[in-house]
Every structure is written in C-alpha cells, then in structure tokens.
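Student: Sequence:
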Amino acid sequence: MNAQTGTPAGTPGESEAGTASISSAPFLTTWFGILDSDDADRILDLISDDFSFSILFSTGGDAGTDFHGGRAEMEGYLAQREVGVRTHHPLTASAVGRDELYLGEVRRAGVPEATFVASARLDDQGRVRRLLIGRSPAVLFT
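The numbering used here puts the sequence shown at residues 581 to 722.
The set of hints was computed from the structure by calculation and includes no laboratory data. Beta carbons are placed, not taken as given, at the ideal position from N, Cα and C, and that holds for glycine. Hints are not guaranteed to be accurate.
With beta-carbon atoms standing in for the labels, derived distance ranges [as the list claims (entries may be wrong)]: (1) Asp-642 <-> Val-676: 31 to 41 Å; (2) Pro-692 <-> Gly-641: 13 to 23 Å; (3) Arg-678 <-> Ala-643: 26 to 36 Å; (4) Asp-625 <-> Gln-660: 14 to 24 Å; (5) Asp-621 <-> Ala-689: 17 to 27 Å; (6) Asp-630 <-> Gly-690: 30 to 40 Å; (7) Gln-660 <-> Pro-717: 10 to 20 Å; (8) Gly-640 <-> Gly-706: 32 to 42 Å.
Hey, can you work out the whole structure from these sequences and the hints?
Tutor: Below, the structure is given as structure tokens:
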C-alpha cells in the first residue's frame with residue numbers, strides 16, 4: 581500500500597500528462613484500495629449506520645445495473661463481484677469538507693476497461709453515509 585496515497589503499491593494516480601498525483605480524497609482512495617484487496621468485506625467497517633449507496637454499473641451498450649440500498653445490499657454487491665479481476669486506479673480526486681469526489685479507471689489484467697466517478701459524503705466519525713458511483717466503458721480518460 582502506498583503510504584502517501586493509500587493506493588495499492590505500483591498503482592499511483594496519473595494525470596492526463598501521465599505524471600503521478602497524490603490523492604486528496606483519502607477516504608475513497610482507501611475504499612478502492614480495500615475493494616481491490618483479497619478482503620474487500622473490510623469496507624463494511626467503513627460505512628455508517630444510516631449508509632445508502634447506488635452503483636450504476638454499465639458494461640456497454642444500453643445495458644446497466646443499478647446496485648443500491650444499505651448495508652445488506654452492499655454485502656450482496658460484494659458477494660457477486662469477481663475478486664481479484666478488476667482493479668481501480670485514480671486519475672484525479674478532491675475533497676471539500678465531508679465530501680469527496682474521485683475520477684478513476686477500472687483495469688482488467690492491467691488493460692483499461694472503463695472509467696468511473698465516485699462521490700462520498702462522510703459522517704462526523706469519518707465513515708461513509710452516502711456513496712454514488714457511476715461506471716462506463718464508453719469513455720476512457722487515458
């Protein structure tokens with residue numbers, strides 16, 4: 581794990597110019613690092629009691645799936661994921677107060693597969709209350 585960015589070692593964020601950048605969205609950087617690990621269920625420790633989320637997941641064309649709900653639905657989302665197949669890589673990120681925004685790239689075996697955007701609102705204890713993620717292979721930023 582990169583101590584400065586919280587991303588897995590060897591996967592720093594890259595700007596459009598291809599230079600490394602340090603994330604200023606520490607919660608989401610940690611979230612995606614854990615999600616890419618062998619123990620992704622640890623993200624459940626990062627959610628608040630009143631957590632709600634929506635992940636709009638497109639694989640292309642007109643098809644898409646909206647995973648949404650609370651803790652139980654997040655557990656279901658985690659259970660259906662292909663563990664160790666896709667990894668999340670930051671392109672840019674920002675934070676203002678309790679809100680974080682994150683633009684990233686999903687890679688399969690190191691090859692860009694899709695772009696995603698994520699937004700999170702944290703509670704006073706630094707846990708996520710609201711999470712909104714959109715993913716599409718239609719537009720790649722790299």
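Student: Please flag the earlier hints that this structure goes against, numbers listed from lowest up.
Tutor: none
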